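S.K.: If you want the building blocks of each chain, they are given just below.
There are 2 protein chains.
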Amino acid sequence: MDNKKPTLFTCLSPALLHLYDLNNAVVVIIDVFRATSTIAAALYNGAKQIIPVAEVAEAISLSKKIDGIAAGERDGKIAEGLQHGNSPLEYRRDFIENKTLVLTTTNGTKLLHMALNNHANTIITGSFPNLGAVCDFILKENKNVVLGCAGWKDRYNLEDTLFAGAVIHKVQEHFTIHCDSSLTAISMYEQHMHDLHAFAPKLTHYHRLVDRFGLIEDIRFCFTPDVANVLPLYKDGKLVKG
Amino acid sequence: MDNKKPTLFTCLSPALLHLYDLNNAVVVIIDVFRATSTIAAALYNGAKQIIPVAEVAEAISLSKKIDGIAAGERDGKIAEGLQHGNSPLEYRRDFIENKTLVLTTTNGTKLLHMALNNHANTIITGSFPNLGAVCDFILKENKNVVLGCAGWKDRYNLEDTLFAGAVIHKVQEHFTIHCDSSLTAISMYEQHMHDLHAFAPKLTHYHRLVDRFGLIEDIRFCFTPDVANVLPLYKDGKLVKG
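Protein sequence lines, in the order shown, are assigned to chains R and X.
Going letter by letter, the first sequence gives residues 1 to 242 in our numbering.
Going letter by letter, the second sequence gives residues 1 to 242 in our numbering.
A few of these clues could be false.
[Unchecked claim] With a Cα cut of at most 35 angstroms, we get these calculated DSBU-like pairs of lysine-lysine: (1) Lys153(R) <-> Lys235(X); (2) Lys153(R) <-> Lys110(X); (3) Lys202(X) <-> Lys140(R).
These are computed hints drawn from the structure, not numbers from a lab.
Since this is a predicted model, take the numbers as computed values, not measurements.
Given the sequences, and given the hints that come with them, work out the whole structure.
M.R.: Right, here's the structure in full:
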């Protein structure tokens, strides 16, 4: 093992986050279906900033105060009281350019706040649409990395792990990786890197989104690398283009 | 999905156990390196029973009282104050036959006690040496199943997941499985089912056991299916042949 290389770990569920040292590491928040794909899409299409908040009421009151757009989901659908949800396809340039999005989601924004409470000081968000930008950033920073999977209500999910695997596949030679979660992530990714779209129907969350809400186009977008290749960097309570 | 079939879930870490309904399910405690391999070996070689306890002091005092053998490990080696550890190869027939083993380990016995606290009423232990017996039992019971991976100090490890995958590989058609952890487990197992011994050096726990303590023979035993094919069933505080 080359001890001069920074370490890389994959955390498979928010309930395991406390096991990892986030201090002085780059923490990548991963919620492929769909929060971190939506964040990438909105910033790529010119959103000024995205403010992740924990509660729907907070999203509504804050968006009124700053003339932003309140958005979010609960249990996979637009949260009650909101007009905009967590679909990356909602945030086209003609709607979101130069606006502020105030976003609350079941898993992704929750994990981001947990990372803050666990002393993370460099937080970015990642998903297939901005895979390249995430890899470029962590290579440039040359710090320890924790890939944090948002899962579903603390349960492990495979789409977030597949994205962690995609990152590891691209950057592994620059890190010391001694972590069975990362080994599983890269194995699963390399097994399915050429058939992600065909593999998607095997995922539990696919059924939640497609069978119940017909969101097949969302899934396609969320599994397509580099179609919204920006770097969402958390700074002073906001996600901005890094 | 055939709703008449019982469900099967895989729990990847003790820290996620509270997410699963253990009541009226068969809970399989999995600690491949090495507690549940050692339990299988000892029972297979004629141990009367195995009493899993949480603390070293408890193992010592209880074994004195009942004329049993106190054994256990902490951090991969024989626990301080004990003469016997957590190696399946220690418990040959000429040593263990008709004796009671009082065992305390870092992960496996801890998870068993957590399952009890989470209202599990049918608990068995599993590892490759008793893979067949575990599968036979859960097929016969025809109840919901939770495959509980002991991990390493709440971190995910791949050897326990591989065993969960081996069970799923054998029984999947008899269960409703809608769980990304199980999907990952069977994928990883089917990828490595024919080269488990060659794959072992990639696992973090392999290095803990082999590089530090030279326990290569333990690893070989723990990864060999059906060499100690008994069913350890938890009953009145003890693991006995089921």
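S.K.: Does the alpha-carbon distance linking Lys153(R) and Lys110(X) stay inside the 35 angstroms limit?
M.R.: holds (24 angstroms)
S.K.: Between Lys153(R) and Lys235(X), is the straight-line Cα distance small enough, at 35 angstroms or below?
M.R.: holds (33 angstroms)
S.K.: Assess, step by step, whether the Cα of Lys202(X) is no farther than 35 angstroms from the Cα of Lys140(R), and give holds or violated.
M.R.: With a Cα-Cα distance of about 28 angstroms, the restraint between Lys202(X) and Lys140(R) holds, given a limit of 35 angstroms.
Of the numbered hints listed earlier, not one is contradicted by the structure.
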